[in-house]
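2 protein chains.
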Amino acid sequence: MTMSSSSLLIKNIHRIWQYDPHASLGWQAGEEMKQINHLENAWILCESDRIQEIGTMDACPEGHHPILDAKGGDILPSWVDSHTHLVFARTREDEFRYRLEGMSYEEIANKGGGILNSAYRLRETSEEELLEGARKRLDEVIRKGTGAIEIKSGYGLTLESEIKMLRVIRRLRDESTIPIRATLLAAHALPKEFKEDRVGYIRLIVDEILPRVADEGLADYIDTFCEKVFFQPEEMAQILEAGARYGLKGKVHTNQFYSIGGIQTAIAQGALSVDHMEVATDQDIEDLLESNVYPVLLPSAPFFLRDHYPPARQMIDAGLGVVLASDYNPGTSPSGNMPLVIALACTQMRMLPEEAIHAATINGACALEWENELGSIAPGKRANLLLTQPIPSLAYLPYAFGSDWIEKRILNGKEFI
Amino acid sequence: MTMSSSSLLIKNIHRIWQYDPHASLGWQAGEEMKQINHLENAWILCESDRIQEIGTMDACPEGHHPILDAKGGDILPSWVDSHTHLVFARTREDEFRYRLEGMSYEEIANKGGGILNSAYRLRETSEEELLEGARKRLDEVIRKGTGAIEIKSGYGLTLESEIKMLRVIRRLRDESTIPIRATLLAAHALPKEFKEDRVGYIRLIVDEILPRVADEGLADYIDTFCEKVFFQPEEMAQILEAGARYGLKGKVHTNQFYSIGGIQTAIAQGALSVDHMEVATDQDIEDLLESNVYPVLLPSAPFFLRDHYPPARQMIDAGLGVVLASDYNPGTSPSGNMPLVIALACTQMRMLPEEAIHAATINGACALEWENELGSIAPGKRANLLLTQPIPSLAYLPYAFGSDWIEKRILNGKEFI
Chain A
298 MTMSSSSLLI
308 KNIHRIWQYD
318 PHASLGWQAG
328 EEMKQINHLE
338 NAWILCESDR
348 IQEIGTMDAC
358 PEGHHPILDA
368 KGGDILPSWV
378 DSHTHLVFAR
388 TREDEFRYRL
398 EGMSYEEIAN
408 KGGGILNSAY
418 RLRETSEEEL
428 LEGARKRLDE
438 VIRKGTGAIE
448 IKSGYGLTLE
458 SEIKMLRVIR
468 RLRDESTIPI
478 RATLLAAHAL
488 PKEFKEDRVG
498 YIRLIVDEIL
508 PRVADEGLAD
518 YIDTFCEKVF
528 FQPEEMAQIL
538 EAGARYGLKG
548 KVHTNQFYSI
558 GGIQTAIAQG
568 ALSVDHMEVA
578 TDQDIEDLLE
588 SNVYPVLLPS
598 APFFLRDHYP
608 PARQMIDAGL
618 GVVLASDYNP
628 GTSPSGNMPL
638 VIALACTQMR
648 MLPEEAIHAA
658 TINGACALEW
668 ENELGSIAPG
678 KRANLLLTQP
688 IPSLAYLPYA
698 FGSDWIEKRI
708 LNGKEFI
Chain B
298 MTMSSSSLLI
308 KNIHRIWQYD
318 PHASLGWQAG
328 EEMKQINHLE
338 NAWILCESDR
348 IQEIGTMDAC
358 PEGHHPILDA
368 KGGDILPSWV
378 DSHTHLVFAR
388 TREDEFRYRL
398 EGMSYEEIAN
408 KGGGILNSAY
418 RLRETSEEEL
428 LEGARKRLDE
438 VIRKGTGAIE
448 IKSGYGLTLE
458 SEIKMLRVIR
468 RLRDESTIPI
478 RATLLAAHAL
488 PKEFKEDRVG
498 YIRLIVDEIL
508 PRVADEGLAD
518 YIDTFCEKVF
528 FQPEEMAQIL
538 EAGARYGLKG
548 KVHTNQFYSI
558 GGIQTAIAQG
568 ALSVDHMEVA
578 TDQDIEDLLE
588 SNVYPVLLPS
598 APFFLRDHYP
608 PARQMIDAGL
618 GVVLASDYNP
628 GTSPSGNMPL
638 VIALACTQMR
648 MLPEEAIHAA
658 TINGACALEW
668 ENELGSIAPG
678 KRANLLLTQP
688 IPSLAYLPYA
698 FGSDWIEKRI
708 LNGKEFI
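Keeping their order, the protein sequence lines are chains A and B. Okay, so the first sequence: first residue is 298 according to our numbering, each after it adds one. Okay, so the second sequence: first residue is 298 according to our numbering, each after it adds one.
In short, the hints are calculated from the structure, not lab data. This one's a predicted model, so the numbers in the text were calculated from it and none came from an experiment. Every residue, glycine too, gets a C-beta built ideally from N, C-alpha and C. Accuracy of the hints is not assured; some may be wrong.
Taking lysine to any residue and the SDA-like style, the derived pairs with C-alpha atoms no more than 25 Å apart in a straight line are [stated by the list, open to error]:
| id | chain 1 | residue 1 | chain 2 | residue 2 |
| --- | --- | --- | --- | --- |
| 1 | A | 433 | B | 704 |
| 2 | A | 368 | B | 387 |
| 3 | A | 331 | B | 401 |
| 4 | A | 525 | A | 603 |
| 5 | A | 705 | A | 477 |
| 6 | A | 368 | A | 686 |
| 7 | B | 705 | B | 474 |
| 8 | B | 705 | B | 473 |
| 9 | B | 492 | B | 529 |
| 10 | B | 705 | A | 440 |
| 11 | B | 489 | B | 411 |
| 12 | A | 705 | B | 686 |
| 13 | A | 433 | B | 369 |
| 14 | A | 705 | B | 702 |
| 15 | B | 331 | A | 403 |
| 16 | A | 461 | A | 420 |
| 17 | B | 368 | A | 436 |
| 18 | A | 308 | A | 349 |
| 19 | B | 331 | A | 402 |
| 20 | B | 461 | B | 494 |
| 21 | B | 331 | A | 461 |
| 22 | B | 368 | A | 422 |
| 23 | A | 711 | A | 350 |
| 24 | B | 705 | B | 358 |
| 25 | B | 711 | B | 670 |
| 26 | A | 331 | B | 395 |
| 27 | A | 433 | B | 702 |
| 28 | A | 433 | B | 440 |
Pairwise CB distance ranges (calculated) [claimed, not checked]:
| id | chain 1 | residue 1 | chain 2 | residue 2 | range |
| --- | --- | --- | --- | --- | --- |
| 29 | A | 712 | B | 556 | 50 to 60 Å |
| 30 | B | 616 | A | 407 | 27 to 37 Å |
| 31 | A | 493 | B | 556 | 48 to 58 Å |
| 32 | A | 420 | B | 556 | 50 to 60 Å |
| 33 | A | 352 | B | 611 | 57 to 67 Å |
| 34 | A | 423 | B | 368 | 16 to 26 Å |
| 35 | A | 605 | B | 616 | 43 to 53 Å |
| 36 | A | 556 | B | 357 | 53 to 63 Å |
| 37 | B | 616 | A | 497 | 48 to 58 Å |
| 38 | A | 604 | B | 611 | 18 to 28 Å |
Okay, chain A solo, but in the shape it has when bound:
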């Protein structure tokens, strides 16, 4: 067993959850989600940024190398948060107050709220300032256990500003401790300049923004907000088709408020995931069961909006797998706290603890095509892990919804301080 100076031995682990000895774990659906493989009384040896070997304490490696004593805590894979809008110009607590005071959406928009106004603020904010704010938020979510993340554009809504956002995401990726995927969401809302010219804005996306983004290699995926008041399924289809020509798969916002055919269009276009799903009909669920599209649930948004939650129980009982992500954004989910997402999933959507952990780890990894790299604890995978305080069982994690039970974070095989 090689032990270089870049190795780290984590010992005295009570339980390793998502233990995956043959690095074979894939998408978990239906009944599979109820069980999680684990190894008791164990150690993990990391070499460089990888998990090298895993074993039990009766045969723990010896020798001189940095040691992290887990002191009876449990180890889980870091969360893979597959849906965020982490880059933005300003928080929107003023809108939150207006909403509490009973203002309508229109009144709030007139006072400077909504996606469009986030866009106008972002256009006036420099790349450096955007980077600084996003860096702080990224650090915050890493402390809550996130070990891989997706970030979208979509507060630019012009060629220049969408590119600016995606450059910020690229700079974050270049400097960050955790892997990042970038998604082009130019079709987040119709900017005022195109209020009377939907066709013109879609043409701008397809003919100018997308080619430029692809040319600079700034995005991994393409997104569209498919919703009554935003983009229609046929408009989403045009955008996803264009994305496909540049090798960008679809990850789409759909069924947040209405079921208008977004899921069926996403399936037809071979999208990777359909995100939100607060409103999912029986037909939507049946269609998803016949497809390879991953449903991504974002319970922080209905929590914050006091809206209804996605029918997670019905989806899993029907045999679907689901992903949990934070939707971190300044308007409708101002939190990237994944332990709280897991608590919301269990307390509010009646997911079982094992289902929620699958949804936030291996299934999240699948929704970013990182299942060979992240989401389980397997030799060869990236050593992005979290260490808990000693806990009685997995159910304790969502149960202790207000506690900080993460003791340490290990990223790329090193303790993150």
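Use these hints to put chain B onto chain A, whose structure you have.
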């Protein structure tokens, strides 16, 4: 201005919330709750454990003394959490799982759940072990900004075990950094030994437990769980009357699941507070308006149980004041996180940020008869404060529901590390 070695100067404070220059702030109700007094660009001088003087940065005291630079953060009074069950033998995440799996209350009780089973576990747990667990939880809630707390007995349900719990609370109080009030809650549930003898158990409380507790000075208040399946209003009346003979005011659990007259009985008995109120009828609210009894709302419990929340909006709009507390307990609210309670109050009960801050500070202090000691930032009051990160406005606090925005805690005029 005297500056002893026991002084602390907090400078560069952006805003002091609950600024109370004449130490005159009292119970806040109705429209009053919408406004919070504040002072901008300020400093606070603490001397020993007290707030000595408050001023603005244009005239900041000089001289040699320990300085805490707030760096543009805001200062609030520490939370006063007036309703907890912080002393218990074991967490109950197993019951949480059973509930998610669809088990009924009876099935869970048979598998070892519920108050009664908490009681049997507690009886087998030593005073030292109880103290150790409670100490950890107390430290945890202090980190979340709690600066004064109430703790109940009620998992003993025998003379010996109720005394044991109250002794643990006394030992906590003797050693703790923050002030603690103790409440005797022998009438939390009917123990199995008295299943067929309600009268006998109430006689035990009134004739044996209460005199002994009073004799040892172990409790400040007396509580009863008034609810269809626990104690009836007339039984609560007997217990409160007995408490009054020993100078213990009532703080009662009522209207969590049904409105059966608990509020009216509490009013008639001159109780200090009625706690829970998930179910409050128009008549209940009218009766409270005519009384001096404080309503205490505990939103973490309906959050965790996915039940309905107390009608906070209706109560405040009718002119009532309300208190927010955590109800930290292992069965129905396994969290003492007051920032999250405030976020739940705003997002789920539509309280305004100012209303929630009043409810968690000065009104909480009133519900523990500590309004002259805590709950606002006034010369002469105990220097229990929390320092936030720089925040754009008060609305940011409930808005950023998943963030840790508390930067530092000051307790008894010293930074709590």
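Hints, verified against the model:
1. A:433 x B:704: It holds: about 15 Å lies between the C-alpha atoms, which stays within 25 Å.
2. A:368 x B:387: 20 Å, holds
3. A:331 x B:401: Satisfied, since the Cα-Cα distance of roughly 20 Å is no more than 25 Å.
4. A:525 x A:603: Measuring from Cα to Cα gives roughly 20 Å; hence the hint holds.
5. A:705 x A:477: It holds: about 21 Å lies between the C-alpha atoms, which stays within 25 Å.
6. A:368 x A:686: Given that 25 Å is the threshold and the Cα spacing comes to 8 Å, the pair holds.
7. B:705 x B:474: Cα-Cα ~15 Å, so holds.
8. B:705 x B:473: Holds: residue 705 of chain B and residue 473 of chain B sit about 18 Å apart, inside 25 Å.
9. B:492 x B:529: Given pair residue 492 of chain B, residue 529 of chain B holds - Cα atoms ~15 Å apart, limit 25 Å.
10. B:705 x A:440: 18 Å, holds
11. B:489 x B:411: 12 Å, holds
12. A:705 x B:686: Given that 25 Å is the threshold and the Cα spacing comes to 22 Å, the pair holds.
13. A:433 x B:369: Holds: residue 433 of chain A and residue 369 of chain B sit about 17 Å apart, inside 25 Å.
14. A:705 x B:702: Within the cut-off at roughly 20 Å; holds.
15. B:331 x A:403: 24 Å, holds
16. A:461 x A:420: 9 Å, holds
17. B:368 x A:436: 20 Å, holds
18. A:308 x A:349: The given pair, whose Cα atoms are some 14 Å apart, holds under the 25 Å limit.
19. B:331 x A:402: 22 Å, holds
20. B:461 x B:494: Since the Cα atoms of residue 461 of chain B and residue 494 of chain B sit roughly 24 Å apart, the hinted pair holds (cutoff 25 Å).
21. B:331 x A:461: 41 Å, violated
22. B:368 x A:422: 24 Å, holds
23. A:711 x A:350: Holds, because 15 Å separates the two Cα atoms, which is no more than 25 Å.
24. B:705 x B:358: Holds - the C-alpha atoms of residue 358 of chain B and residue 705 of chain B are around 22 Å apart, at most 25 Å.
25. B:711 x B:670: 16 Å, holds
26. A:331 x B:395: With a Cα-Cα distance of about 13 Å, the restraint between residue 331 of chain A and residue 395 of chain B holds, given a limit of 25 Å.
27. A:433 x B:702: 13 Å, holds
28. A:433 x B:440: 21 Å, holds
29. A:712 x B:556: 50 to 60 Å: Between residue 712 of chain A and residue 556 of chain B, where Cβ atoms are some 53 Å apart, the hint holds.
30. B:616 x A:407: 27 to 37 Å: Roughly 31 Å apart at Cβ, these two residues keep to the hinted range, so it holds.
31. A:493 x B:556: 48 to 58 Å: At roughly 55 Å between Cβ atoms, residue 556 of chain B and residue 493 of chain A fall inside 48 to 58 Å, so the hint holds.
32. A:420 x B:556: 50 to 60 Å: 54 Å, holds
33. A:352 x B:611: 57 to 67 Å: 60 Å, holds
34. A:423 x B:368: 16 to 26 Å: 23 Å, holds
35. A:605 x B:616: 43 to 53 Å: At roughly 32 Å between Cβ atoms, residue 616 of chain B and residue 605 of chain A fall outside 43 to 53 Å, so the hint is violated.
36. A:556 x B:357: 53 to 63 Å: 60 Å, holds
37. B:616 x A:497: 48 to 58 Å: Distance hint for residue 616 of chain B, residue 497 of chain A holds at roughly 54 Å.
38. A:604 x B:611: 18 to 28 Å: For residue 611 of chain B against residue 604 of chain A, whose Cβ atoms are near 21 Å apart, the range 18 to 28 Å holds.
Going down the numbered hints, you'll see the structure goes against 21 and 35, while the others check out.
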